[in-house]
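Peer 1: Sequence:
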Amino acid sequence: MLLRRGHNRWLVFCAAFFAGLFLFAYYGDNGASIRRMTSTSSSPWAADLTATSLSKLQPQHNGDAELEIIVAATKEENVTWLHDYLLDWPKNIYVVDDQQAALTVLENKGREAMVVLTYIIDRYHTLPANMLFHHAQRFQWHNDDPDYDALQLLKRFRVAHLAQHGYVNLRCAWILGCPVEIRPLVDAQSAPENDIPTAKHIYSEAFAELFPDVAVPEAVGVPCCSQFGVTRETVRARPRDDYVRFREWLLASELDDAISGRVFEYAWHVIFNKKPVHCPHAGECYCKQYGMCDRRDCDNEGCAGQYDLPKYSNLPEGWPMFGWDGEDRHWSGEL
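Residues are numbered in this note's numbering as their position in the sequence shown, beginning at 1, plus a constant of 735.
Keep in mind the hints are simulated off the structure, nothing from the lab. Ideal placement from N, C-alpha and C gives every residue a C-beta, glycine not left out. Possibly wrong hints are sitting among the right ones.
When the alpha-carbon atoms are kept at most 20 Å apart in a straight line, the in silico PhoX-like pairs for lysine-lysine are as follows [what the hints assert, rightly or not]:
1. 826 with 890
2. 826 with 810
3. 810 with 844
What follows is a set of in silico ranges between Cβ atoms, one per label pair, in the way DEER data are often shown [claimed, not checked]:
4. 1058 with 835: 16 to 26 Å
5. 1069 with 1040: 17 to 27 Å
6. 950 with 983: 19 to 29 Å
7. 979 with 921: 28 to 38 Å
8. 930 with 975: 36 to 46 Å
9. 983 with 1059: 41 to 51 Å
Sequences and hints are given; from them, build the entire structure.
Peer 2: This is the structure in structure tokens:
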């Protein structure tokens, strides 16, 4: 049955309205618009896989590769799921707002960036072969899963893929962050005069301070949101002093906590020797990184049904059992 034209327009308006609310909550951009490029299969930073070539990719097995997971948490966050389900992975859980915790940080600043840098500095000479840096909560809006469930991704993670590439983002979907999230030189000129600047406005200056011997890139793109894997060899490609300097910059920065953390969110891949625009083909990522080679309708940006940007940056109370309107989702996963 065809919808009336007026009804169609109303649906389009609602979709645009909810998307705008979400982006406002994520970026804290005081209503500033976010410009994005339209991706094409010919993008130089992404492999152009056809449906046929993608279907031939085979999942890789974890084997017994050494891996530790490093988690940034607060006292209120529930991390029992990590102990209940990820039994074979040594866990380093940093409680950033508890100076009496077994693992903590010098100062709760820069969000998860302080945890990443503290772990690397303290463990530089005793690093495991492979590391995953992760948030504390299991269900989060940015987790690349239909239910936003981190557990389903971590259980499938292919350590061999990480070992091959040295660094991988735990997100495959391009929304948000790819193909280009920040244009440092251009965005620096568009900072609002009478408003608080955002990360994209100060990124150029921060990049120059963090990487004084590297030219500020024209474009920066990588899937959000500071959850990634890295190998010991990749970390040690930089001297320990670099990470100490990065942490000193963070401690001394007068930037808002969210902004300084987001600077690192869009700099980790550069720190770990990837190009400023690092947006792998999403379908290939799902297959090689998580063994999900049966996904259909995949393109550079994602695979149909695997990840949809939610209405808001906070999942509703009762998720995943109950949805946005309190409806029963008939979810049958493990809790």
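Peer 1: Looking back at the hints listed earlier, which ones does the structure fail to meet?
Peer 2: Going through the list in order, the structure violates hint 4 alone and respects the others.
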